[in-house]
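Asker: In the order they appear, the protein sequences are chains V, A and W. Quick note: the first sequence, position 6, residue 6 per my numbering, numbers continuous. Quick note: the second sequence, position 128, residue 128 per my numbering, numbers continuous. Quick note: the third sequence, position 9, residue 9 per my numbering, numbers continuous.
Just so you know, these hints were derived from the structure itself, not from any lab. One should not assume that every hint holds.
In the PhoX-like style, the derived pairs of lysine-lysine whose C-alpha atoms are separated by at most 25 Å in a straight line are [to be verified]:
1) V/42 to A/5
2) V/128 to A/24
3) W/208 to W/77
4) A/6 to V/72
5) V/89 to A/24
6) V/72 to W/117
7) V/136 to A/22
8) W/123 to V/151
9) V/207 to V/142
10) V/242 to V/42
11) V/207 to A/5
12) A/194 to W/208
13) A/22 to V/89
14) V/89 to V/106
15) W/123 to A/310
16) A/194 to A/113
17) A/24 to W/208
18) A/22 to W/15
19) V/253 to V/242
20) A/310 to V/10
21) V/136 to A/6
22) V/209 to A/5
23) W/208 to V/128
24) A/113 to W/302
25) A/6 to V/209
One-sided excerpt, in silico: chain W residues whose CB lies under 10 Å from chain V [what the hints assert, rightly or not]:
26) 41
27) 116
28) 179
29) 195
30) 201
None of these values were measured; they are calculated from a predicted model. Heads up, the beta-carbon is just placed ideally off N, CA and C, and yes, glycines get one too.
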Amino acid sequence: MVDKKRKHPKEIIKAESNALNFSYADGTQALKNINLPVYENKITALIGPSGCGKSTFLRCFNRMHDLYPGNKYDGEIILHPDNTNILDKRVDPIEVRMRISMVFQKPNPFPKSIYENVAYGLRVRGEKNKRVLDDKVEEALKGASLWDEVKKRLHDLAFNLSGGQQQRLCIARALATDPEIMLFDEPTSALDPIATMNIEELMAGLKEKLSILIVTHNMQQAARISDYTAYMYLGELVEHDKTNKVFTNPRKKETEDYITGKFG
Amino acid sequence: MVNDKKAEIENNLTRIRSLITKHKRHDHIFAGVGMFIIISLTITLLVLFLDLVFDGYPRFNLDFLTNFPSRRATAAGILSAWVGSALVLIVTFFAAVPLGIAAGVYLEEYAKKNWFSDLIEINVTNLAGVPSIIYGLLALGLFVYGFGLGQTILTAGLTLALLMLPIVIVATREAIRAIPIHIREAAYAVGATKWQVSLHHVIQYSYGGILTGVIIGMARAIGETAPVITIGALTFIAFLPPSPVGLEPPFINFEWLEAGFTVLPIQMFNWISRPQMAFHVNAAATGAIIILLTLLMNGLAIKIRYNIRKKIKW
Amino acid sequence: MAKLENPEVSPRLAKNLRRNILERCIEFGLLCSGIFAIFITLAIIYVLVSEAIPFFQHVSLYDFLTDTVWTPNYSIKHYGIMALVSGTLTTTFIALLVAVPLGTITAIYLSEFATHKVRETIKPVLELLVGVPTVVFGYFALMLVTPLLQKIYPDLTTFNMLGPGIVMGIMIVPYIASVAEDAMRAVPMAMREGAYAMGATRFQTAIKVITPAAISGIIAAYILAISRAVGETMIVAIAAGQQPNFTFNPVESAATITAYIVSVALGDLEHGGIGYQSIFAAGLTLLLMTLMFNIIGHAVRKKFAERY
């Protein structure tokens, strides 16, 4: 099994899924035997036609599927360096979510002020010190390149921001708690090209600090920003390798067909 | 270097875990409180019902249903009250149901979205929030004295119809809204007129939802007391209104509409207001009957709605 | 119309014309039933105002609003509506004290904590509670709750505002729970996922994210609750006594506006007499109070809606 997963010896593995299967409550099996490493300080992109299971796979990493009764995991996702299997029933999903944060497809700020949105994760962690909160919020907003645009109106309602700003706010919200991994679920699909560019630049900077796993329907985006790319089809992992390798010289015919637009 | 990072993460993990344990405690406390409140409410409903049944137990016999009210509590019955309730409900039904369905169909199928349909809508919403006793005053001023209908079954039935109207309208609209547009398009495509579409399709397919609303409205009308007292219903009636159906032609007569009357909840109220405990037994027995009727009707409505939701998948 | 009489028109077209006229008539009929709703509203206002006008020719508005004694049926007549308003406000306040926390917690529990199965079982029970006639609740207040309260507080009189207030609160809980729960369920799932993805617990998600997002609907539930409590009649008429009494003390007996209307209607009403007119003045006051609470409620709601 391990040899199937072409590991790159120079990289540090942050997390890896081993023989991961997943079924929804209605019985449909959405993921079949997925083995995929996520490297530290790298961006791993998941591509594939819609319905291939890439979002489902992403949402396993912070146990989002636990919110809906009846969903079933099988296999494991190991988080390094402590070797925790985050899918283990005994591991609290909240603990997982505090270590691995997520940015959603559509911006989903809370009905609160900009400041409170970013501070929310810290408050959930019991942080009450105003000074610490102020510093962390500023740092996170700067990290999401939003600070200059909102520093004068931190206490405005988050809904008043534009779509691109809202999404960067959600990134700041996810960033404020110093996660080990950040998950992005098609973060730019609801945004215009300029906002998309901003967020792509942002991600390139973010990987200095953490590991990123991103689902994208946009192959150019995957090629632009990611270090590694995984191509999924019908719930299976077809190919996983360095991005330039996948896009220039794929090993599998299916991958090539998808990338060249013959299919999908 | 790697070990440093590992130590840091593990340190962080310990902190997170203790925090989660603390936060989860709030979850459990709240879930406990929520469950407790809901169980208490359910028990309240049960106690309410059982209390009436136990208190009224001595009166559960046929005589109670076939006797007129009397000065002697043990000999008193609810004959005039249940007959009155039944007759009033007949009037209410025939007044409120056609009018309510018509208004609902108009608002959903015919009305163009403009200030006028908005005005009707606001009115329907507000009417549902007007205290029921206000309807009693309206009926007293308008039906009893304005139209000179007097304190009759007709007046009471119309008054309760006003109360029931918003319920029927809202239920009709909700049921109609659940019908997808392509059903209408299919009907129009074979050349049906608007009214034919409404009558043959829209109303028929929303039948269950409308029925639910009608039953809930009728259940409310059975228990409604204040507006009927306000129009001046009598509290002591030892006679029956003329029978609506006769043995001789024309078999049906409408004299009963103009008769004086009392209804079940008023009879109950009258008995509660007496100081003698013996009458409180009568009140409890009457209450048990009223609550049984309303629970059965509401239960039936809930059941129908549940079946519709299960059966129909557009 | 002229075409219909025209013999040149083919029978097929004539049929179409007849059908169109029929359609128009039906539409007009349906429109009338819609308009009927407006008519009821106007009729309510007209009846209350037209009967209250002669009343205010007898009683000055100043006395009506400032006098604290209400004795229209005594030889020395006083018409101070405040004696009734105090009873209405006190019972309403007690009811809200019970219903708002219980109803809100129930709503949050059902929307955010309960499993699908629990929710589907509990909601019908709440609906059944909504269906219980108020006269039955009145019996409950007088025969069960007040005696229970007397065990704790022996000085409590048989007629008091505390017992019926509490029962009224219990009656209102399902209204608040059902409307507030609908508002919370309407909050998009994305909002919940956002909070859970941050590592929030159920309680944190419910209180910090869902409740603020649904606040407009929750306040709407409270407005409905106030309207119910202010207009509630039978519970107070049975268990709070029907003696007007200017007091805000919940252990005393007092009449509400609604209880007064009922007590007058039970007696011999002389059409056109001052007693008859007084119940319309009282009804008008009740309607205005309901209206006022609604307006305040909507203003608060709007203010919150702007903030969130």
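Asker: Give a verdict on every hint.
Answerer: Hint check results:
1. For the hint pairing residue 42 of chain V with residue 5 of chain A, the CA-to-CA distance comes to about 17 Å; that is within 25 Å, so the pair holds.
2. At most 25 Å may separate the alpha-carbon atoms for a hinted pair to count; residue 128 of chain V and residue 24 of chain A meet this at roughly 18 Å.
3. Taken as a hint, the residue 208 of chain W and residue 77 of chain W pair is broken in the structure, with Cα atoms around 55 Å apart against an allowance of 25 Å.
4. Taking the CA atoms of residue 6 of chain A and residue 72 of chain V, the gap is near 30 Å; set against the 25 Å cutoff, the hint is violated.
5. At roughly 16 Å between alpha-carbon atoms, residue 89 of chain V and residue 24 of chain A fall within 25 Å of each other, so this suggested pair holds.
6. At most 25 Å may separate the alpha-carbon atoms for a hinted pair to count; residue 72 of chain V and residue 117 of chain W meet this at roughly 19 Å.
7. This hinted pair checks out: residue 136 of chain V and residue 22 of chain A have alpha carbons roughly 23 Å apart, not beyond 25 Å.
8. The hinted pair formed by residue 123 of chain W and residue 151 of chain V fails the criterion: a straight-line CA distance of about 46 Å is larger than 25 Å.
9. Distance restraint check for residue 207 of chain V and residue 142 of chain V: the Cα-Cα separation of roughly 15 Å lies within the 25 Å cut-off, and the hinted pair is therefore satisfied.
10. For the given pair, residue 242 of chain V sits about 11 Å from residue 42 of chain V by alpha-carbon distance, which is consistent with the 25 Å threshold.
11. Taking the CA atoms of residue 207 of chain V and residue 5 of chain A, the gap is about 17 Å. The hint holds against a cut of 25 Å.
12. Taken as a hint, the residue 194 of chain A and residue 208 of chain W pair is broken in the structure, with Cα atoms around 49 Å apart against an allowance of 25 Å.
13. For the hint linking residue 22 of chain A to residue 89 of chain V, the alpha-carbon distance of about 19 Å falls within 25 Å, and the restraint holds.
14. Distance check on the hinted pair: residue 89 of chain V and residue 106 of chain V sit about 29 Å apart at the alpha-carbon level, beyond 25 Å; violated.
15. Our distance criterion of 25 Å between C-alpha atoms is met by residue 123 of chain W and residue 310 of chain A, whose separation comes to about 16 Å.
16. Our distance criterion of 25 Å between C-alpha atoms is met by residue 194 of chain A and residue 113 of chain A, whose separation comes to about 17 Å.
17. Between residue 24 of chain A and residue 208 of chain W, the direct Cα distance comes to roughly 15 Å. Compliance with the 25 Å bound is thereby established for this hinted pair.
18. With a CA separation close to 78 Å, the supplied pair residue 22 of chain A and residue 15 of chain W exceeds the 25 Å bound.
19. A hinted pair counts as satisfied when its Cα atoms are at most 25 Å apart, and residue 253 of chain V with residue 242 of chain V qualifies at roughly 17 Å.
20. The suggested pairing of residue 310 of chain A with residue 10 of chain V is violated, with an alpha-carbon distance near 57 Å, which exceeds 25 Å.
21. At most 25 Å may separate the alpha-carbon atoms for a hinted pair to count; residue 136 of chain V and residue 6 of chain A meet this at roughly 23 Å.
22. Only pairs whose Cα atoms come within 25 Å are accepted, and residue 209 of chain V paired with residue 5 of chain A is accepted, the gap being roughly 13 Å.
23. The suggested pairing of residue 208 of chain W with residue 128 of chain V holds, with an alpha-carbon distance near 15 Å, which does not exceed 25 Å.
24. A C-alpha spacing of about 24 Å is found between residue 113 of chain A and residue 302 of chain W, which places the hinted pair at or below 25 Å, so the restraint holds.
25. At most 25 Å may separate the alpha-carbon atoms for a hinted pair to count; residue 6 of chain A and residue 209 of chain V meet this at roughly 15 Å.
26. Hint status for residue 41 of chain W: violated, given a least beta-carbon distance of 35 Å to chain V, over 10 Å.
27. A least Cβ separation of about 7 Å between residue 116 of chain W and chain V falls short of the 10 Å threshold, and the interface hint therefore holds.
28. Interface restraint check for residue 179 of chain W: the shortest CB-CB distance to chain V comes to about 19 Å, outside 10 Å, so the restraint is violated.
29. Interface hint at residue 195 of chain W: satisfied, since its Cβ lies 7 Å from the closest Cβ of chain V, which is below the 10 Å cut-off.
30. Proximity of residue 201 of chain W to chain V holds as hinted, the smallest CB-CB distance being about 6 Å (cut-off 10 Å).
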